[in-house]
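Each protein sequence line maps, in turn, to chains C and X.
Residues in the first sequence are numbered from 1 upward in steps of one, following the UniProt record's numbering.
Residues in the second sequence are numbered from 1 upward in steps of one, following the UniProt record's numbering.
Treat the hints as calculated values from the structure; they're not laboratory data.
Possibly wrong hints are sitting among the right ones.
To be verified - Derived DSBU-like pairs (lysine-lysine); straight-line CA-CA distance at most 30 Å:
id, chain 1, residue 1, chain 2, residue 2
1, C, K158, C, K197
2, C, K633, X, K25
3, X, K25, X, K127
4, C, K633, X, K137
5, C, K549, X, K25
6, C, K228, C, K197
7, C, K507, C, K474
8, C, K197, C, K178
9, C, K30, C, K77
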Amino acid sequence: MEMTQYLDIFIEESKEHLQAINQQVLLLEKSPEELSIVNEIFRSAHTLKGMSATMGYEDLANLTHCMENVLDAIRNKKIIVTTQVLDVLFTSLDHLEAMVVEISEGGSGKRDVSETVRDLEALEKGEITMSAAHQDDKPAALSQSFDQYEKQIILQSKEQGFHAYELSISLRKDCILKAARVYMVFEVIEQIGEIIKSIPSVDMLEAEQFESDFKLSILTKENGEELKQRILKVSEVAEVVVSEINTERLNDSVLTESDHSSEKLNAAPEAKKDDASATSAGGSAAGKTIRVNIERLDQLMNLFEELVIDRGRLEEISKMLKSTELNETVERMSRVSGDLQNIILTMRMVPVEQVFNRFPRMVRGLAKDLGKNVNLEIVGAETELDRTVIDEIGDPLVHLLRNSIDHGIEKPSVRSASGKSETGTIYLRAYHSGNHVFIEIEDDGAGINRQKVLEKALENGIITKEMSENLSDKQCFELLFASGFSTAEVISDISGRGVGLDVVKNKIESLGGSISVDSTAGFGTIFSIQLPLTLSIMSVMLVEVQKEKYAIPLSSIIETAIIKKDEVLSAHNQKVMDFRGRVVPLVFMKEIFEVPSAMEASEYVPVVVVRKGDKMAALVVDSFIGQQEIVLKSLGQYLSSVFAISGATILGDGQVALILDCNALIK
Amino acid sequence: MLNEQKVIIFQLKDEEYAVPVQEVKSIERMQHITRIPRTVSFVKGVINLRGVVTPIIDLRSRFDIEETGYTDRTRIIIVSVGTIEAGLIVDSANDVIDLEADSIEPPPEVVGGVDAEYIQGVAKIEKRLLILLNLTKVLNPEKLAVLQPLESGK
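Using the sequences plus the hints, can you model the full thing?
Here you go:
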């Protein structure tokens, strides 16, 4: 069977399962008694094993198999979950991850895992005397193992007087039509019994993808010798070894796994091992996802925009023709395409969970290495961000977390000396606010030592002596982001390699975000990152200036108002208005943008109050159209520096509207 | 080396100009153009070209030929040079022909009022005189860098 076409799926799914196992093992660490977690891990591991065996990655399958045995023992309360057990599980996971990464880079997925396998086996043996069954299962490569469903069948047919045999059949080496011989063997067996399993699979046998041996598990009423003679009558069969399948052994393992045998019984009778494990995966994976290249989403978006343009035209035509039927259809279409638009826009959004997921492991590992106790609390992992931002935000966050663990959280002895609990806590929070997503990393560590920061900054020539005396705390902490700054006294492997927070800051700013830091000595530090929700979609307020439409980003709007003409005041040759007790300068869009006159001046003046930092301005427009989600488009390279315009968007009617850059309008 | 070149011919006032087909992406009818405030006068604005916001240049204005109203024959030629894509408003676009390389001559000092720096060459075919444009020069964004500062708002 050609496997390469499944490789991508295999890699992605393996990553998902590994991630799931990772998370669950971390949960298990917190509540070692919780057997449902073990079941979850077991299920993921089982699927992974099935997939990798199908794809022919023996080492991967082997290792997961051993993990499974250990998990099984935990489940049957033969092993107690200890740190040692978890460490070995984590090591195995690291190996598995490395193998999957290697496979994804085109490697063979081979890796020397014998040591970890030994550890796992030792764990398994350490507490229990191994049953013979497990010994036999070990070299998963050839010996047959059965899934729940198959076991069930074997047990049931036993009760009805059938015998279960395992047949090892060898064809003669010079056999030419192997598939034909296999077919004949199958036919012989089917006259007297039923084949429940074959290794390799039937597909592979038919494609002649085997050397000369294959194994069959069958159910029949005939005895073993009779069976053997019948099969040997097929020409070019060299050897047949018949062994009876030990039902007690099966019985044993079925009972221990009975908790989820019921769900597998639903599988279709002809389900092979792989299929059965796939069904269980479908049950446990919460959301079904497919992966789409982001370029395709962009294309989809572009195509959709064209559709919207035509929709606009259709609407106009239907208005002209005044046909009720046409009207209804067009209205319906508008509604549907509105929904479609929402879906396309949100399709690019993914929860930050994707990035946060890998942090618990990392924090655990780092804390261990540094001899600190750290508890990571994640809040708001479901917060959604544009895919492009998600891809970029990982590294800066890793850097900040490392920073908090290395510099922030103190060693347990220091913590207890200063009256804190020995375990430090790092909060990783994500939440939406307006058009932005905020991510905060807060620790309850020592806080930033102002004096040390200043000394370091002086030493590195970032500030002068005079400057250092007049800095506020906030300004002082900002120095951390200056390039070439590192406050760690010892340069450790974890942070403080000189490429410090300035890199983080640059990265975040390149994403259109900002970062700030605040700290209280002795109580901790908080880094807050503000990010735009998306790089390509924003909420705007559409306004009209004479006959031209402009979009003002909602993020910079404080409020809209309609004032009377006589409320426009003059101060120093500058028109101003009174906005909740503050004098706010008016900016007449018509004049600034030299918009050709097309309308009579009205008695009332609509204004949009916008801000930049704590400065404000009121933009005078001619009418409000409303709020809208738009797709940000660049004006292209030719018009790269247009005054007070940050980009353009295409409106529902297909026309281009320009997006105002309020920052340029406020001085 | 090809010694033949396909060019698209368009008209501007009384002259015929040519641009290589490779640099032309499409030819569009006149449509709504969104004005861009405070930019140079020959940039008429932007249009939505199948989802891509494309700047539009009035070629008459670009070459300091007096502007006239747009007619049914007015076309926008979408050109793409390097990383820049733009539309050129022309009086009409009416022909595609093959030009022999040896029929192209270096530009004379002044042709039809268009500065020689924008001209790659002149081709004479029977009675017609075709002016080959150097689009890289025509689309040089440096010519845009003269934008006035803002005087109001505080």
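(request) Mind checking the alpha carbons of K228 of chain C and K197 of chain C for me, to see if they're no more than 30 Å apart? (result) With Cα atoms ~17 Å apart, K228 of chain C and K197 of chain C stay inside 30 Å; holds.
(message) Check the hint pairing K633 of chain C with K25 of chain X against an upper bound of 30 Å on the C-alpha distance.
(response) Roughly 20 Å separates the two Cα atoms, so the pair holds.
(request) Please work out if K158 of chain C and K197 of chain C have their alpha carbons no farther apart than 30 Å. (result) 16 Å, holds
(request) Would you check the hint for K197 of chain C and K178 of chain C, treating anything up to 30 Å between C-alpha atoms as holding? (result) 18 Å, holds
(request) Compare the distance between the alpha carbons of K549 of chain C and K25 of chain X with 30 Å, and conclude whether the hinted pair is satisfied. (result) 28 Å, holds
(message) Would the hint linking K30 of chain C and K77 of chain C be met if the CA-CA limit is 30 Å?
(response) 17 Å, holds
(message) What's the verdict on K633 of chain C and K137 of chain X, does the C-alpha distance respect the 30 Å limit or exceed it?
(response) Holds, because 26 Å separates the two Cα atoms, which is no more than 30 Å.
(message) Next pair to validate is K507 of chain C with K474 of chain C; report whether the Cα-Cα distance is within 30 Å.
(response) With Cα atoms ~21 Å apart, K507 of chain C and K474 of chain C stay inside 30 Å; holds.
(message) Between the alpha carbons of K25 of chain X and K127 of chain X, is the straight-line distance 30 Å or under?
(response) 28 Å, holds
In terms of the numbered hints stated before, the structure departs from none.
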